[in-house]
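Kindly produce the complete structure, drawing on both the sequences and the hints.
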Amino acid sequence: MNTAFDNSDDMRDLYRELILDHARNPRHFGKLDDATHCADGINPLCGDKLRLYLRVNEDQSIAAAGFEGSGCAISVASASLLTDLIIGLPSSQVQNYYNAVMQRLGVPGADDAEPGSIDLGKLKALDGVREYPSRVKCATLAWQAMNSALDNQPTPVSTE
Amino acid sequence: MTNAQENRSNEACVENYRQDFPALQQTISGHPLVYLDSASSAQQPACVIDTVAEYQRNDHSNVHRGVHTLSHRATEAYEGARDKIQGFINAASRNEIINTSGTTESINLVAQSYCRPLLSAGDKILATELEHHSNIVPWQLVCEQTGAELLVVPIDDRGQLNLDEFDNLLTDEVRFVAIGHVSNALGTINPVKEIVEKAHALDIPVLVDGAQGVPHMQIDVQDLGCDFYAFSGHKMYGPTGTGILYGREKLLEAMPPYKGGGDMIIEVSFDGTVFNELPYKFEAGTPNISGVIGLGAAVDYLQSVGLQQIAQHESWLLDYMTREISKIDGIRLFGTAENKASVQSFLLDDIHAHDLGTILDHQGVAIRTGHHCAMPVMSFFRIPGTARASLALYNNAADIDQLIVALKKAQQLFA
Ligand SMILES: Cc1ncc(COP(=O)(O)O)c(C=O)c1O
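Protein chains in written order, with my numbering: chain R, 19 to 178; chain F, 1221 to 1635.
Where hints are given, some of them may not hold.
[What the hints assert, rightly or not] Not everything, but these chain F residues come out facing chain R in the computed CB check (under 7 Å):
no., residue
1, H1572
2, H1574
3, D1575
4, I1579
5, H1582
6, G1590
7, H1591
8, P1604
9, G1605
10, L1633
In case anyone wonders, no lab produced these hints; they're calculated from the structure. Yeah, the Cβ is synthetic: ideal placement off N, Cα and C, and Gly gets one too.
And the structure:
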């Protein structure tokens, strides 16, 4: 029996088809020229840096979103899923998603936020990282950047 | 002996050494642990673990302070370790062996105690593009404090220093040279002896960051001729939180203390304080006694195996690893210097190093991924990071074979 192969099968828990697809073909990749909000997410563990752009309408809904930078499959897929999801949503609902994702991935302190009774849909594909503590930061990087972009925090966020 | 025979005899020895390391006897996700991250921190042999435990159990006390038996024992073992380390790197005097918490503290000590009083605006410090952050940031700090400037010797595509550029940068404005012995990110062995000679010809003192040198080759600080040599215990099979600053006695004597506190004084009054003599002047406060004693045991262990034997085995294994890994389609090697030790950095296809690290871990293979605290090296290659496999005396060909299998699995997963 080839145990190594069984184990690599196991990794499908983390690297689900949806994740690999978004990592290979990230949606909304690239600079958003008419962005109203922008923030960097930096993962000091690996030095990865991701810049998230938002264009927010006057009614506070998300008109457009994009990102650029380099990252691992998890962080790129997460950014891709995020941008895909939030376009068209009111920013208050984006905030709910943010809280729900943080909670679902077990980010410390996230419990204090409003409990989200929100259906995470495709974002559940990120669940695999819960088994890999050092990778949770990869999954949350884009979310943290988005959160600080919406807060209009001028400084880059770090996941450390 | 033929090459093949030599390698086989080496392998037989390595099997014995592996048994000395309890941590290597475990499985990870159902696979035997293949530990290829010793450049980050090496595993400890049972003799080190037992020496520390024995000390904790029976001899623990403070050093240099008590008249009672335990304090005598602790002091004797602590100072005994200093003597071992002195012999290990062939320092001229035990006064030249300062216990620190690691390479990082050793370098900061030199930057603040030796360089800071010496520097003024316009002076230059010379370092290299290969350095670990701990041989960059302390110099940046002291430059900020003094108005001095940090100059950087560039590297070539193979990760070797551009020595012509070193010669050009080494002018009489340079007050200090800081250089790594072996690059932790690329494995390059720098020609430190030659660099020391050139710097000394202009009366410029040299610090060598030996964190990656000491575990892999016989170090003779007098032969190297350097003024300071810094290294960490945990990369040479010893405990974390230990490290050494070797400094030439004449320089250390002239330097002000780095930290103030107990043990580093002879007399204290509010009119003034008389500092203790070397090496205690630089060892303020209760030291990491158990760690230092463990470090002494690690020195004994390294000497019982023999640095010659270690260097020979690791060099053979590095060749084997590089050869095998190069056979994988889509591998890109970083750090292909002519003169290398124990480290290979690489990337596979366009799989991010972080993903490689996780997938390999799942197959029991521990490697380091990321920038390896050498961001300038990563910038040079225009990559955010690499995967790095690093070797120690306990690794064998089977470890490399498992690494190759794991890399191919990663390739399949991302295909
Ligand atoms: C070349 C080099 N210098 C310095 C250091 C810093 O050592 P420590 O963290 O033990 O102080 C390291 C460790 O990673 C290293 O590899």
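Structure-based check of all given hints:
Satisfaction of the interface hint for H1572 (chain F) is found here, the shortest Cβ-Cβ separation to chain R being roughly 4 Å, below the 7 Å cut-off. Annotation: H1574 (chain F) was flagged as interfacial toward chain R, and the flag holds, the nearest CB pair being 4 Å apart, inside 7 Å. The beta carbon of D1575 (chain F) comes within 5 Å of a beta carbon in chain R, closer than 7 Å, and the hint placing it at the interface holds. A least Cβ separation of about 6 Å between I1579 (chain F) and chain R falls short of the 7 Å threshold, and the interface hint therefore holds.
Satisfaction of the interface hint for H1582 (chain F) is found here, the shortest Cβ-Cβ separation to chain R being roughly 5 Å, below the 7 Å cut-off. Given the 7 Å rule on beta carbons, the hint for G1590 (chain F) holds: about 4 Å separates it from the nearest Cβ of chain R. With a cut of 7 Å, the hint placing H1591 (chain F) at the interface with chain R holds, because the nearest CB-to-CB distance is about 4 Å. Hint status for P1604 (chain F) relative to chain R: holds, with the closest Cβ pair at about 5 Å, below 7 Å.
Checking G1605 (chain F) against chain R: minimum C-beta separation of about 5 Å stays under 7 Å; hint holds. At about 6 Å, the closest approach between the beta carbon of L1633 (chain F) and any beta carbon in chain R falls short of 7 Å, and the interface hint on this residue holds.
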